[in-house]
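Visitor: Residue-level listing of the chains:
Protein chains: 2
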Amino acid sequence: MQYNDFDQTAAYRKLLALAPAGKKFDFGSRLDAARVEKSLTPIAAGLTYSWAAKAVDDGVLKILQELADEQELIGKYKALLDGEVMNTGEKRKVLHQLLRGELGKPVIHEGKNIGEFYRKELDRLGAFAADVHAGKIKGSTGKAFKAAVQIGIGGSDLGPRAIYLALENWAAAEGKLKLHARFISNVDPDDASQVCAAVPLEETLFVLVSKSGTTQETLSNELFVKDKLKKAGLDPSKHIVAVTSETSPLAHNPAYLDSFYIDDFIGGRYSSSSGVGGVILSLAFGPDVFRDFLAGAHEADKAALEPDILKNAALLDALIGVWERNFLGYPYTAVLPYSQALSRFPAHLQQLDMESNGKRVNRDGKPVAYSTGPVVFGEPGTNGQHSFYQLLHQGTDIVPLQFVGFTESQRGDDVSVDGSVSQTKLKANLAAQIAAFAKGSSNSDRNKEFPGGRPSSLIYGKRLTPKALGALLAHFENKVMFQGFVWNVNSFDQEGVQLGKILTKKVLAGNSGDSVLDAYSKILGI
Amino acid sequence: MQYNDFDQTAAYRKLLALAPAGKKFDFGSRLDAARVEKSLTPIAAGLTYSWAAKAVDDGVLKILQELADEQELIGKYKALLDGEVMNTGEKRKVLHQLLRGELGKPVIHEGKNIGEFYRKELDRLGAFAADVHAGKIKGSTGKAFKAAVQIGIGGSDLGPRAIYLALENWAAAEGKLKLHARFISNVDPDDASQVCAAVPLEETLFVLVSKSGTTQETLSNELFVKDKLKKAGLDPSKHIVAVTSETSPLAHNPAYLDSFYIDDFIGGRYSSSSGVGGVILSLAFGPDVFRDFLAGAHEADKAALEPDILKNAALLDALIGVWERNFLGYPYTAVLPYSQALSRFPAHLQQLDMESNGKRVNRDGKPVAYSTGPVVFGEPGTNGQHSFYQLLHQGTDIVPLQFVGFTESQRGDDVSVDGSVSQTKLKANLAAQIAAFAKGSSNSDRNKEFPGGRPSSLIYGKRLTPKALGALLAHFENKVMFQGFVWNVNSFDQEGVQLGKILTKKVLAGNSGDSVLDAYSKILGI
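Quick mapping for you: the protein sequence lines, in order, are chains X and H. First residue of the first sequence: 28, per the working numbering; consecutive thereafter. First residue of the second sequence: 28, per the working numbering; consecutive thereafter.
In case anyone wonders, no lab produced these hints; they're calculated from the structure. For clarity, every value in this text was computed on a predicted model and none was experimentally measured. In this text, a Cβ means the ideal position worked out from N, Cα and C, and glycines have one as well. Take these hints with a grain of salt, some might be off.
[To be verified] Calculated pairs, EDC-like style, for lysine to aspartate or glutamate (alpha carbon to alpha carbon, straight line, at most 16 Å):
no. : chain 1 : residue 1 : chain 2 : residue 2
1   : H       : K533      : X       : D391
2   : X       : K475      : H       : E111
3   : X       : K203      : X       : E93
4   : X       : K549      : H       : D391
5   : H       : K475      : X       : D391
6   : H       : K132      : H       : E111
7   : X       : K393      : H       : E201
8   : H       : K393      : X       : D319
9   : H       : K528      : X       : D319
[Said to hold, decoys possible] Sample of chain H residues facing chain X (criterion: CB under 8 Å; computed from the structure):
no. : residue
10  : L58
11  : N196
12  : A198
13  : E273
14  : T274
15  : S414
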């Protein structure tokens with residue numbers, strides 16, 4: 028396998044040559060029913076990706092295929108699946124896809140079959156959740172658990188939280204909502220204080236999640252919660268279950284009701300498919316729902332092995348993103364799900380993308396001379412239409428858009444007004460926005476003119492089910508992975524979080540010897 | 028008053044000349060205790076703004092002052108306060124500051140004293156909330172109200188919701204939480220369905236908010252809620268209060284328990300200080316809390332009249348933002364509050380900023396040749412540290428940052444771990460991040476190197492109280508206003524939302540005659 032910087036490839040030079048025409052390419056006027064039809068690319072689990080409203084023509088797509096081949100994107104994905112050390116900085120394998128099923132060779136590490144280990148932990152956490160639901164595992168006063176609270180931050184929070192919110196309505200409608208879940212993440216004490224005041228502690232099971240077992244925020248919140256439990260006359264060891272690595276201080280620790288394990292091959296932002304997401308989601312919705320979620324993700328992982336970019340949605344989405352980032356010069360991407368259930372999904376994708384590819388050195392630690400990961404932001408539609416869409420339509424700069432939508436609502440509870448139900452209005456707004464952004468509209472009053480030429484993609488499906496959600500998550504994970512391969516960066520470490528930790532410790536030690544830290548400490552009343 | 032495009036000013040040319048040196052200016056190495064001290068600029072209500080870690084030196088600040096003078100920023104603000112028609116597209120006055128108190132001449136419109144009208148409505152909504160709290164106003168079965176639900180979208184949702192969340196913990200700690208509030212915004216029927224299923228309908232008061240009384244999402248959600256109320260055997264007219272304009276179909280309508288009024292001089296995204304925010308916030312926390320919030324905002328409005336940029340935080344924040352946007356070339360800004368209570372404040376600022384200044388024509392409808400409003404995004408710290416900060420520290424591009432922090436937590440409920448309480452850890456992280464972004468850190472391993480040179484500002488105060496929150500909101504409103512004056516755009520209309528509405532109606536009518544809309548309608552199952 029060759030690992031070359033992006034600007035060393037022939038495809039890079041060809042795309043550079045296409046860029047001036049690409050910036051002027053009027054895809055809005057080409058956008059018609061035939062182009063929409065041609066663009067439909069299956070993801071998995073009933074989801075489809077459409078690039079019809081993106082600024083690409085056959086010439087660009089041809090070179091993007093060359094780029095995929097030249098940078099060996101599928102080959103690198105296969106190497107990752109087979110257990111090659113793809114997290115070069117930390118010298119680790121990258122195995123989150125293996126949590127969802129086997130697609131490569133069996134991965135053996137130090138004599139241990141990792142796939143088997145993941146399956147065993149999945150079985151264990153499912154059995155644990157079933158025992159909680161059956162009332163076999165109870166709180167310290169003998170009452171059954173009615174609520175679950177995850178304590179974790181970053182990858183131990185954003186993904187699981189976004190997924191919980193995405194499936195809460197679906198589960199309620201399907202009669203599968205077993206335990207209400209809440210989340211504590213911030214070291215701001217108001218976060219834990221508010222959640223602890225809102226749940227019935229006696230009937231609450233806490234899920235403590237930290238891979239290292241040393242995360243400052245999570246350990247502080249653990250002690251916060253333990254303090255509350257003790258003050259309520261409860262035994263914390265009967266109210267907390269841990270998700271951690273086997274080498275962490277939280278592992279095999281009688282302070283917890285049980286412990287579930289991940290390993291160093293599962294990065295935080297990729298850990299929703301492990302016990303990090305699995306324990307809380309299995310508690311909330313039942314182990315079968317979590318397995319359905321994994322099945323949808325596995326299906327998308329499998330589809331991402333296809334070498335033809337026109338048949339591989341994650342790969343194509345990745346390559347079009349690179350075209351927009353490096354050649355059309357757009358430094359951001361907005362994620363706009365037309366589904367209230369996906370309200371926090373953009374926040375998770377923000378982490379997934381920006382923490383993975385917000386890198387200025389290549390996988391060997393050498394600075395790169397081209398742009399890497401973009402800024403990612405977003406809110407659900409139609410809410411965003413009444414908020415920041417003004418800039419998206421009429422601002423001085425172009426922001427590429429990523430729409431997501433579904434034929435049916437989750438709860439099936441609707442009302443007809445002016446001849447249409449709300450779900451139909453939601454979808455009509457989505458269809459209208461894609462056309463409005465692409466085609467624009469002229470007006471003699473320039474203030475009411477829409478320039479158009481604003482590119483968007485669409486992912487759609489029938490209904491946001493656990494399986495569809497798994498496929499949606501895996502689509503974005505694989506998109507980010509392919510982009511990392513194009514840019515030749517390590518998408519699986521996060522050294523950028525370290526300096527802040529070091530300086531925080533200096534401040535807390537009170538002897539930083541740094542006049543700047545002292546000055547800020549003073550004004551903040553530390 | 029002169030209204031000139033930004034690139035026609037002498038200051039623009041001078042700043043252009045300073046830009047190359049500005050891009051190389053190593054503010055990180057200049058950042059010391061003296062610079063922090065020099066940068067402290069009072070906002071109001073105990074809040075202070077610091078620009079110490081921004082890429083400005085005395086030379087740049089001098090020209091920014093010239094820019095403020097040349098574009099007559101304070102003069103335009105005064106004209107706005109005096110009731111001049113500043114919303115040029117819609118030919119309307121802009122009077123949200125007047126909701127908080129008088130700072131200019133009395134504003135008379137068609138014989139009506141607008142300030143008196145606003146005060147009367149404030150008194151009315153306060154009296155209404157007090158009657159609800161006293162049990163004088165009850166639901167249709169005679170039970171007192173225990174919950175309030177706002178139905179509104181965009182400006183009728185994001186600001187009030189962000190403020191409610193920002194004060195919920197404070198109110199709980201102070202014994203002032205009178206009614207729990209929830210919000211329905213999205214036309215996605217799952218949104219209303221979930222909220223209706225979660226509240227005790229018999230004891231819930233709905234606040235229906237639409238200035239025009241014709242907002243598609245809000246009217247659909249109103250009928251959704253009315254349907255639920257009727258099915259529960261309740262009389263909707265005893266469970267809904269309206270906030271609207273006097274010319275709307277919702278006004279003076281016996282279908283509602285009462286109605287409170289705003290007028291065309293209050294833009295949606297600036298309406299939190301009116302009944303749009305006032306009714307739900309007075310119901311939730313009591314009218315005095317809402318008045319404290321307004322008092323804080325009024326104090327900040329007053330401070331924003333200062334012509335010396337070094338003594339006017341909103342003006343200076345605006346000008347440094349322009350320097351970053353137009354001369355250093357940064358197309359985005361991240362808002363990073365180190366306060367869980369401000370979890371949705373960035374979403375509100377995203378609307379405030381991007382809808383106000385995401386414009387490509389000037390106030391007279393002529394296209395401008397320079398960049399206007401940036402993309403705004405953000406999440407609370409320390410959560411963001413474990414998410415997108417990787418890109419902020421080590422990405423290939425620079426994202427200007429806006430930190431916010433407080434000395435004390437809201438609930439005062441904390442735990443000591445490793446010698447410090449969580450609130451201290453929260454602040455230590457904030458201090459550490461400012462230094463890390465500005466100064467960076469060298470390392471022989473380039474993957475562990477931090478380039479620094481990443482600019483940030485800081486707003487800090489003692490505690491996030493209603494008054495401090497009002498000042499914080501007004502600071503950003505006034506910042507956005509000043510930037511709009513610099514760019515010579517109309518920050519008070521939003522024509523960019525119109526095309527989507529028109530096309531949506533076409534889709535819903537089912538006879539769009541547009542093959543693109545038809546194609547998307549087909550795949551979305553419309």
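Visitor: Hint by hint, say whether it matches the structure.
Guide: Each hint, compared with the structure:
Between K533/H and D391/X the CA atoms are separated by roughly 54 Å; this puts the pair beyond 16 Å, and the hint is violated. Proposed proximity of K475/X and E111/H is contradicted: the alpha carbons are some 23 Å apart, above 16 Å. For the suggested pair K203/X and E93/X, the alpha carbons sit about 46 Å apart, so the restraint of at most 16 Å is broken. Proximity of K549/X to D391/H is assessed by CA-CA distance (about 48 Å); at most 16 Å being required, the pair is judged violated.
With a CA separation close to 12 Å, the supplied pair K475/H and D391/X stays within the 16 Å bound. Between K132/H and E111/H the alpha-carbon distance is near 11 Å, which keeps this suggested pair within the 16 Å criterion. A hinted pair counts as satisfied when its Cα atoms are at most 16 Å apart, and K393/X with E201/H does not qualify at roughly 54 Å. Of the supplied pair hints, the one linking K393/H and D319/X is violated, its CA atoms being roughly 54 Å apart against a limit of 16 Å.
Under the criterion of a C-alpha separation no larger than 16 Å, the hint pairing K528/H with D319/X is inconsistent with the structure, at around 37 Å. Annotation: L58/H was flagged as interfacial toward chain X, and the flag holds, the nearest CB pair being 5 Å apart, inside 8 Å. Taken as an interface hint, N196/H checks out: its beta carbon lies about 5 Å from the nearest beta carbon of chain X, inside 8 Å. Residue-level restraint check for A198/H is violated (minimum Cβ-Cβ distance to chain X is 11 Å; threshold 8 Å).
Taking 8 Å as the C-beta contact cut-off toward chain X, the hint placing E273/H at the interface is violated, the least distance being around 22 Å. Among the interface hints, the one on T274/H is violated; its C-beta lies about 20 Å from the nearest C-beta in chain X, farther than the 8 Å criterion. Nearest Cβ of chain X to the Cβ of S414/H: about 4 Å, under the 8 Å cut. The hint holds.
When the structure is compared with the earlier hints, violations turn up for hints 1, 2, 3, 4, 7, 8, 9, 12, 13 and 14 and for no others.
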